[in-house]
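Top to bottom, those sequences are chains E and A.
Note that the UniProt record's numbering gives residue 155 to position 155 of the first sequence, counting from 1, and the numbers run on in steps of one.
Note that the UniProt record's numbering gives residue 183 to position 183 of the second sequence, counting from 1, and the numbers run on in steps of one.
By construction, these hints were calculated from the structure, which means they are not laboratory data.
Virtual Cβ for every residue (Gly too), placed ideally from N, Cα, C.
Be aware that a few hints might be false.
Said to hold, decoys possible - Have a look at the derived ranges for each label pair, beta carbon to beta carbon:
hint, chain 1, residue 1, chain 2, residue 2, range
1, A, G22, E, T51, 31 to 41 Å
2, A, S127, E, H106, 10 to 20 Å
3, A, G171, E, P23, 50 to 60 Å
4, A, A183, E, P186, 27 to 37 Å
5, A, S127, E, R119, 20 to 30 Å
6, E, D286, A, G118, 49 to 59 Å
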Amino acid sequence: MYSKDGEQYHVVDAHIALWDARPENQRNVHGKQFIDCFYDYHRNLSPESETWGYEEYLYQGGERLMRDVFVDGIVDHAIFQPARLAEFYHRGFGQTEEAFALAQAHPDKLTYNHYWDPRDGENGLEKLRENAERMHLKGVKLYTADWHGESRGWKLTDPMAYRYFEACRELGIRNIHIHKGPTIRPLDRDAFDVADVDHAATDFTDLNFVVEHVGLPRLEDFCWIATQEPNVYGGLAVAMPFIHTRPRYFAQIMGELLYWIGEDRILFSSDYALWTPKWLVERFVDFQIPEDMTEYSPITTAQKKKVLGLNAARLYDLPVPEHLQVAEADETPTGPREPAAADLASV
Amino acid sequence: MTAVLPARAARVDEAAVRAALGTVVDPELDEPITDVGFVRSVAVDDTDDDTDDGVRVEVHLRLPTSFCAPNFAWLMVSDAHDAVSGLPGVARVVVELDDHHDSELINRGLAAGLGYRGTFGHEAEQSLDELRATFTRKAHTAAMERAVTALLRLDPAVDVAALTLGDLPAGEPTTGALLRRRAAVGLPLDPASPVLVEADGTRPAGDAAAHFLRRARSVRISVDGNAHFCRGLLTTRYPGSEADQTPRPEDRPLLPLEVRS
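Just chain E, same shape as in the assembly (with noise of 0.2 Å):
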């Protein structure tokens, strides 16, 4: 829990992750390539104070993450988000074994989600159910863009992906976290594009879609196709560190979710170990939407306790104290929110 002038504020960081980028474990010059682009990001958007060396960037086990995810008690959950990579990293890139016994000895703390592929088929489908009883998992992280041999990239429309969507549904698993990356089969189209999720969420309406990185670079995809479906969310995994470096741009993103998809469905995200939950909690709660930019009503501190943890408890079933919670908004579950809120004049 996180307190400042005299509110409580309920944490959940909803995208963490064990990884292994260290030499030892890369499968091939990829394997370098992509932990390099997370410490560019890491090196770009932190504040001096908060950025690490890269040896230290490449791994950091599971008591270090304990104590940078929990530091000073400011988070109360974290729910592991991971991504195989298994063509660039020998034992994958998340730690699955690792995380998830972190996970089975701070139950009230962590919540491991696991990961599935449609291009493992019929073999990935049984895998699934076996996982889903092991880890007891109530969400997935899939990426788009893992490469499997011959291919580089899915869609949630693949008929082989709504099987496993089927799967899910049937197993309990009802929080789909998804990641676009920037391959995709064909490579006529563009990766990033999230219409797939809009399909998905159309079909299985009765599963929870979190869209990563709120849709970025394709916000403006995001906020069009989640404002037309209910059960499509927002996770602000690597939009929130934009709130140092770049705190006007942080306002418009907060603005236009707000005003796309409203209070309830945007999830706190630090993505560690690309950044560390304590300083973005920290900077996120003193945030405020400018006074010049009047397009955008302020950020009322009952959106920031939704935003920062209620909404994800919400989604897993996280015991939350009563006198922590804040009432739904009465909102329109599609179509813009306060838009008579919308000033055209301004920027």
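Using the hints, position chain A against chain E.
Just chain A, lined up with the frame of chain E:
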């Protein structure tokens, strides 16, 4: 008698090559690759050899990450090759993309003249025309929002739904930028043409103008935000590359980003 020497084409130099590369645009950012610092090096070799049909040019491009989308990378690299090859006086062109996950594939395909489908094989279905068109449309949408918002700043009471091109201030950089993007998507340029319009000619109903503009605003924020982040990442990845970037043009003033270290 006086021997008349055949007129030689002006020697191609580095400045001419960079000018040609300046016509190549990053479709996602709607900016020339020369402005965002994606040109890493230009080498012009004009030492005479047995052929005298022109110079040899080698260009290296770089991107903000190894994992920038390979289809956009191909568009920029192949456009760069076309642009330099089109210069009179150039005999041979090598364009290479450095430090990308598909560098080997793309550079080999380009050198062999395999084209998009030949380079990417089973991953390529037809062409990248639709991808390019999608982002040309987004560039128009963003320019439209910038032009309208610039006007709204001067006159908040303006009737957005009724705006025509003639209502936009002629001297504003945002107006000129919109006209160029309209030309690119084939929209009419006469002063009586409505401003609020999709690239395919679709217009919002009168009471939907505000919503239409709001949606356009999300496109503009996305394009501008990506442009700023990509520029920043490039300088993180390639220290010193700031010197190869020019500021965002003044026709897109609406995202005054503070960048703090």
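So, going through the hints one by one against the coordinates:
1. A:G22 <-> E:T51: 31 to 41 Å: Given a distance of about 35 Å, which is inside 31 to 41 Å, the answer is holds.
2. A:S127 <-> E:H106: 10 to 20 Å: With Cβ atoms ~52 Å apart, the hint is violated.
3. A:G171 <-> E:P23: 50 to 60 Å: Roughly 57 Å apart at Cβ, these two residues keep to the hinted range, so it holds.
4. A:A183 <-> E:P186: 27 to 37 Å: 30 Å, holds
5. A:S127 <-> E:R119: 20 to 30 Å: 25 Å, holds
6. E:D286 <-> A:G118: 49 to 59 Å: Given range 49 to 59 Å: holds, Cβ gap about 54 Å.
The structure is inconsistent with hint 2 alone, although it conforms to all the rest.
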